[in-house]
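*Asks:* As a plain string of letters, each chain reads:
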Amino acid sequence: MKKYRVAYQIALQETLQRRSTLIMDRLGGFAVVVSLYSFWTALIGDKATFLGYTRAEMLTYVLALNILRSFVFTGRGWQLVGEISSGRISSYLIRPLSYHGYALALDLAQKTIHVAASFFEVSLLAVCVRGELFLPRDPATWLLFSVAVLLSSLLFFFLEFMVSSLAFWTSESGGPLFCFELFLQFAAGAFFPLDVLPLGLRRALEATPFPYMVYFPVRIFLEKVPPFEAMGMLGMEALWLMAVFTAAMMIWRRGVRSYAAEGG
Amino acid sequence: MAAAIETKGLTKDYRSPLKEPGLWGGVKSLFDRKYKDTRAVDGVSFSIEEGELVGFLGANGAGKTTTLKMLSGLLTPTSGAATALGHVPWKREPAFQRSISLVMGQRSQLWWEIPAYETFRLNQAIYGLSDADFKKHLDELVDLLELGEHLSVPVKKLSLGQRMRCELAAALLHRPRLLLLDEPTIGLDVVMQKNVREFIKAYNKRSGATIMLTSHNMTDVVALCRRVIVIEKGRLLYDGALDRLVERYADHKILRARFTTDVEPGDLKGLGVVVKYEERCVTLEVPRAKIAASAAALLRSYPVADLNVEEVAIDDIVRRLFTHA
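Same order as they appear, the protein sequences are chains A and B. Here the first sequence stands for residues 171 to 434, numbered as in this note's numbering. Here the second sequence stands for residues 632 to 956, numbered as in this note's numbering.
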């Protein structure tokens, strides 16, 4: 385990070293939240509820998005694509190291910093909206939400890893990864709650792993889902995670085999 | 002594997609992709004993890097067998991975934004070195490679030579018993090349590690290797003492001179074979035994502005070897 702990520490250092990238990243995310916030505030207007969300709930959704983006949507997919196409991946394959463990350690470092930054941003925004937010009272909700988010971030990590592994076969895997991430954010509910969508489309999306990344966790947080049903959701999410993990590992092994066959 | 590396009929085919030219060709290849098999390494057999330092020579695309990649476990061969330190490399057993290192001159394992020391610390953890061993090995490498003040500077701020030395240190921190070096001096200036060469020699002597090295630079090979293995188009051409190879196939050196006035190239024939003469510059091939005399004669009888004596490029020797084979 020590190797992954050291990788985590070094990645923390490196992320902090690249201050301007970090600041740009945060500003970008902040701008998204502020625009979503303004958009929903305008839509809700004087209405008591909108699409079944009270004003406080909707604002909470938007602010929670900022934290979830920082915790869930930070995989190492682009790094993997780069390392495969540049051949740098070779230097990991010949060392006694699990690339997944290593990438997870790096990802965790990135999450640590981004989540810290996003808590700061969210507090700032919370002050601006004068506490008009929904905070669950039931400690069980917090627990369920935390478990959901933890699973979500692993789900995203391995999904992204799976798509990035395409780079083993094609030099043009950046395109698919970009489209995938865009679609994923939409299908996860990272642009708006899925309630906005027509029922048929929503049901279809709910049958995929994507809503487990944002939409469902936030609904758990907003106590829109009874605890028993939430447990079911977590069970389903865990199943998705296992399936995606298995597929990602299989594709990875095939990729490494093909890399070893075709040359790095 | 036991063999550190043993290969038998090692063969590697690469499969690359063929694409017809033009946009239509691109569209067609989407649906009906044709492949071409290229044999990069063709039935290569050799054995290297523990502690040997062997030069691995061949022109570009001869199959050197592919062989090193198979020996390090990165590539699986199409056919044939190999063992390195008693392991089948491409099984990638951790015990094997802990005892080898592959350094590719053009690839880096260092973290770019932070000092090299951090990469060393990561390698300490990856290879499971105790703090005492880490310190001992690192001190030795810092000393040998003169790394001192470079350890605390972000890697991106280092010069190429400084980075290459850090790269070597990162690769050797765990004291590999087998070291595969692919073009370790590429892109370095002459002084740095010499330092790196001296270091490789010292490391081999001190640790008794087996080293296999590819280089385009004949000076590297001459300075380091008593034995060389030459491959051309994937086939083994020569395996034996370097002395015999150079004597047999590079019996001359290259003498280059620049004159201050025009010279009749025909007059220079007595000094060696005139390979090229243009813009007052001549390139001569001179037999090894005559090199001093020819250089002295040139200086004595002609208005020489500049004079250089060089070894024949390794590619030339290999080409010669190939045409003789």
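Quick caveat, the hints were computed from the structure, so don't treat them as lab data. Just so you know, not all the hints are guaranteed correct.
16 Å max Cα-Cα, derived EDC-like pairs, lysine to aspartate or glutamate [claimed, not checked]:
| no. | chain 1 | residue 1 | chain 2 | residue 2 |
| --- | --- | --- | --- | --- |
| 1 | B | 665 | B | 651 |
| 2 | B | 832 | B | 651 |
| 3 | B | 787 | A | 184 |
| 4 | B | 884 | B | 942 |
| 5 | B | 836 | B | 680 |
| 6 | B | 667 | B | 644 |
| 7 | B | 788 | A | 184 |
| 8 | A | 172 | B | 744 |
| 9 | B | 787 | B | 744 |
*Asks:* Next step is simple, just say for each hint if it's right about the structure.
*Replies:* Checked hints:
1. For the given pair, residue 665/B sits about 9 Å from residue 651/B by alpha-carbon distance, which is consistent with the 16 Å threshold.
2. Proposed proximity of residue 832/B and residue 651/B is contradicted: the alpha carbons are some 49 Å apart, above 16 Å.
3. Between residue 787/B and residue 184/A, the direct Cα distance comes to roughly 12 Å. Compliance with the 16 Å bound is thereby established for this hinted pair.
4. For the given pair, residue 884/B sits about 5 Å from residue 942/B by alpha-carbon distance, which is consistent with the 16 Å threshold.
5. Note on residue 836/B and residue 680/B: the hinted pairing holds, with a Cα-Cα distance of about 14 Å set against a maximum of 16 Å.
6. The suggested pairing of residue 667/B with residue 644/B holds, with an alpha-carbon distance near 10 Å, which does not exceed 16 Å.
7. Annotation: proposed proximity of residue 788/B to residue 184/A holds, straight-line Cα distance about 14 Å (limit 16 Å).
8. Restraint check for residue 172/A and residue 744/B: not satisfied, since their Cα atoms lie roughly 22 Å apart, outside the 16 Å limit.
9. A distance of roughly 6 Å separates the Cα atoms of residue 787/B and residue 744/B; the hinted pair therefore holds under the 16 Å criterion.
Violated hints, in rising order: 2 and 8; the structure is consistent with all others.
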